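*Asks:* One-letter residues, chain by chain:
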Amino acid sequence: MIKLILKRVALGILTLLLVSALIFAGTQLLPGDVASAILGQNATPESLAALRQDLGLDLPAWQRYLTWLHGFVTGDLGMSLANRQPVADLLWPRFGNTMALAAYAALVSVPIAVLLGLAAAVRRGGMFDRGINIVALAFVSLPEYFLGLLLILFLSVQFNLLPSLADTYSGMSFGDWLRATTLPALTLVLVTVAQMMRMTRTAVLSVMDQAYVETAFLKGLRTKRVVLRHALPNAAAPIVNVVAFNIAYLITGVVLVEAIFNYNGLGRFMVDAVAKRDLPLVQAAAMVFGAAYVILNSIADIAAIALNPRLRHPR
Amino acid sequence: MRAKLKAIPISAWLGLTIVTLNLLVFVFGPMLAPYGMNEIVGAPFDPPSAQFWFGLDQNGRDMFSRLLAGAQMSIGVSLAASLISFSIGIPLGFVAALFGGWVDTVLSRIVDTVMCIPVLISALVVLQALGSSVPVLIFTIALLDSTRVFRLARVVAQGISVLEYAETARLRGESLGWLITREILPNALPPLIAEFGMRFCFTFLFVAGLSFLGLGIQPPFADWGGMVKDNQQAILYGLYAPLFPAAAIALLTIGVNLVVDWLLNSGAAVQGADR
Numbered sequence: 001m002i003k004l005i006l007k008r009v010a011l012g013i014l015t016l017l018l019v020s021a022l023i024f025a026g027t028q029l030l031p032g033d034v035a036s037a038i039l040g041q042n043a044t045p046e047s048l049a050a051l052r053q054d055l056g057l058d059l060p061a062w063q064r065y066l067t068w069l070h071g072f073v074t075g076d077l078g079m080s081l082a083n084r085q086p087v088a089d090l091l092w093p094r095f096g097n098t099m100a101l102a103a104y105a106a107l108v109s110v111p112i113a114v115l116l117g118l119a120a121a122v123r124r125g126g127m128f129d130r131g132i133n134i135v136a137l138a139f140v141s142l143p144e145y146f147l148g149l150l151l152i153l154f155l156s157v158q159f160n161l162l163p164s165l166a167d168t169y170s171g172m173s174f175g176d177w178l179r180a181t182t183l184p185a186l187t188l189v190l191v192t193v194a195q196m197m198r199m200t201r202t203a204v205l206s207v208m209d210q211a212y213v214e215t216a217f218l219k220g221l222r223t224k225r226v227v228l229r230h231a232l233p234n235a236a237a238p239i240v241n242v243v244a245f246n247i248a249y250l251i252t253g254v255v256l257v258e259a260i261f262n263y264n265g266l267g268r269f270m271v272d273a274v275a276k277r278d279l280p281l282v283q284a285a286a287m288v289f290g291a292a293y294v295i296l297n298s299i300a301d302i303a304a305i306a307l308n309p310r311l312r313h314p315r
Numbered sequence: 001m002r003a004k005l006k007a008i009p010i011s012a013w014l015g016l017t018i019v020t021l022n023l024l025v026f027v028f029g030p031m032l033a034p035y036g037m038n039e040i041v042g043a044p045f046d047p048p049s050a051q052f053w054f055g056l057d058q059n060g061r062d063m064f065s066r067l068l069a070g071a072q073m074s075i076g077v078s079l080a081a082s083l084i085s086f087s088i089g090i091p092l093g094f095v096a097a098l099f100g101g102w103v104d105t106v107l108s109r110i111v112d113t114v115m116c117i118p119v120l121i122s123a124l125v126v127l128q129a130l131g132s133s134v135p136v137l138i139f140t141i142a143l144l145d146s147t148r149v150f151r152l153a154r155v156v157a158q159g160i161s162v163l164e165y166a167e168t169a170r171l172r173g174e175s176l177g178w179l180i181t182r183e184i185l186p187n188a189l190p191p192l193i194a195e196f197g198m199r200f201c202f203t204f205l206f207v208a209g210l211s212f213l214g215l216g217i218q219p220p221f222a223d224w225g226g227m228v229k230d231n232q233q234a235i236l237y238g239l240y241a242p243l244f245p246a247a248a249i250a251l252l253t254i255g256v257n258l259v260v261d262w263l264l265n266s267g268a269a270v271q272g273a274d275r
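Residue numbers (our numbering), protein chains in the order written: chain A, 1 to 315; chain V, 1 to 275.
What the hints contain is simulated information worked out from the structure, not anything from laboratory work.
These numbers come from a predicted model, not from an experiment.
Misleading hints may appear alongside valid ones.
[Said to hold, decoys possible] Partial list, computed: chain A residues near chain V (C-beta under 8 angstroms):
#: 1; residue: Leu18
#: 2; residue: Val19
#: 3; residue: Ile23
#: 4; residue: Tyr145
#: 5; residue: Ile152
#: 6; residue: Ala275
[Said to hold, decoys possible] Pairs of lysine to any residue residues, derived as SDA-like cross-links and limited to a Cα-Cα distance of at most 20 angstroms, are as follows:
#: 7; chain 1: A; residue 1: Lys276; chain 2: V; residue 2: Pro219
#: 8; chain 1: A; residue 1: Lys7; chain 2: A; residue 2: Asn241
#: 9; chain 1: A; residue 1: Lys276; chain 2: A; residue 2: Arg84
#: 10; chain 1: A; residue 1: Lys276; chain 2: A; residue 2: Leu66
#: 11; chain 1: V; residue 1: Lys229; chain 2: A; residue 2: Val157
#: 12; chain 1: A; residue 1: Lys276; chain 2: V; residue 2: Val136
#: 13; chain 1: V; residue 1: Lys229; chain 2: V; residue 2: Ala43
#: 14; chain 1: V; residue 1: Lys229; chain 2: A; residue 2: Leu165
#: 15; chain 1: A; residue 1: Lys276; chain 2: V; residue 2: Thr113
#: 16; chain 1: A; residue 1: Lys276; chain 2: V; residue 2: Ser132
#: 17; chain 1: V; residue 1: Lys229; chain 2: V; residue 2: Gly55
#: 18; chain 1: A; residue 1: Lys7; chain 2: V; residue 2: Thr113
#: 19; chain 1: A; residue 1: Lys224; chain 2: A; residue 2: Val213
#: 20; chain 1: A; residue 1: Lys276; chain 2: V; residue 2: Gln218
#: 21; chain 1: A; residue 1: Lys3; chain 2: A; residue 2: Ile305
Think of the CB as a built atom: it goes at the ideal place given N, C-alpha and C, for glycine as much as any other residue.
Work the whole structure out from these sequences, hints included.
*Replies:* In structure tokens form, the structure reads like this:
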């Protein structure tokens, strides 16, 4: 099992390298280069050449990629083109905000979704199962901003329960922070619970259809015991994958939600950087999002390996 | 035929109706619109009335007319992206499945790597480099989405190519083109059609989302995601303006999902097709 986990870690590191190469390649699609983007209309051939040398743009692409990667690993993310501040200073606090919001949403949605999915699977075909499936199908189809706007309209404009904008600042108390971020977190919860619940139900049902579960029922065991002791240990690994898939979704779903509630996170920051075409910012933000995604998926795979009873007790 | 029509559940009828209505609006929308999409007809955020069914937007333009006209961009861009995505993903997926070996390995590894990055993040990187325009949007989304189509097409083709009739055709010495067009494609069509609905839903929400972020379809064109963004502030005053385009987006998505659900349940699903 240790060998399997180490293999998965190595694969994760290889994936991270490939992802970084792909993101770097993507940012090089521009016909011109960063130097002409900075100088814009005022560019003369001499100033362009000087700036290119300054930024190291006269080097071949693979050399620039290695420099960038080295900078990224050592914490030097370069300078923003728009306001000439170090990218790292702008990026990390916002990344912290985004992770806090995603964690808040995940802490609420994961237990609810897994319990609902389990309940629906156990009562397959019953009223509860059918009803919750229709509701889930509707929620899966609703875009984040539609839900977000409805929540603002009802919870903050009509009943004035929660603020409509997620204004956060450093040093605010935890209670204030919760109040400010509840609406965006709730939007994320509504979007992910439906999806996660449907996937959990499918994962549990595929285990419930197996012969050994039928045997357990035929032995006369109670439903509760069959589900908790026989089915769940084998369904745990797929459920962990479902949860990881949705937390990974949260990381990008957060981009739209941050825009709705004007939350000062990495998603909104990256969108602004794309609009201003600030290359170093976009590159760094994309790499951070990509890395978070890859690392989460690796953790999920490792957890699935660790949870698999057959791998834990090898013959 | 009659019995077949009767077998269609209500939810699927509802979905089919929604999709048909949207397609009609997509084709005839601009002709049906009572006012021009950029024509200012009153004060900003005038509430709905008999003359202006959905009220006026932040610039005093008729919301109903803009919704009708905006369908062209919102639906058109995602439809074009899905079509291109399928015409890239399906042939490559089939070729990877039939050839196997290094062709399959190379294509699959490239697709795996692209899929390691969230689609939205990849799209933002490309839009940063190339700027946002309709062709860039269509091709970026089509290329990114074709990775999903490739995976499904490959799995489906692999399943079919080991069946007797495909095996027989290969032993008969039929060409690759024959195998793909005469043996694989007809039998792979049902799951691929259901997948087309799912992919369209995804690209449609994706384009609308990018427009909502201000990075999708740009003015002077009207589109539903952009209309939500432009009118977003009105919600703070208890006005429903941004809810109309948002509901239009949600409605079409639900409609397509209902149709796809019916297609999948009526036996078009292929076992083991992952997404």
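*Asks:* Please go over all the hints and tell whether each is borne out by the structure.
*Replies:* Outcome of the hint check:
no.	hint	in the structure
1	Leu18	5 angstroms, holds
2	Val19	5 angstroms, holds
3	Ile23	6 angstroms, holds
4	Tyr145	5 angstroms, holds
5	Ile152	5 angstroms, holds
6	Ala275	6 angstroms, holds
7	Lys276(A) to Pro219(V)	17 angstroms, holds
8	Lys7(A) to Asn241(A)	18 angstroms, holds
9	Lys276(A) to Arg84(A)	13 angstroms, holds
10	Lys276(A) to Leu66(A)	25 angstroms, violated
11	Lys229(V) to Val157(A)	18 angstroms, holds
12	Lys276(A) to Val136(V)	17 angstroms, holds
13	Lys229(V) to Ala43(V)	19 angstroms, holds
14	Lys229(V) to Leu165(A)	15 angstroms, holds
15	Lys276(A) to Thr113(V)	28 angstroms, violated
16	Lys276(A) to Ser132(V)	12 angstroms, holds
17	Lys229(V) to Gly55(V)	16 angstroms, holds
18	Lys7(A) to Thr113(V)	17 angstroms, holds
19	Lys224(A) to Val213(A)	12 angstroms, holds
20	Lys276(A) to Gln218(V)	15 angstroms, holds
21	Lys3(A) to Ile305(A)	11 angstroms, holds
Of the numbered hints given earlier, the model fails hints 10 and 15; all others are met.
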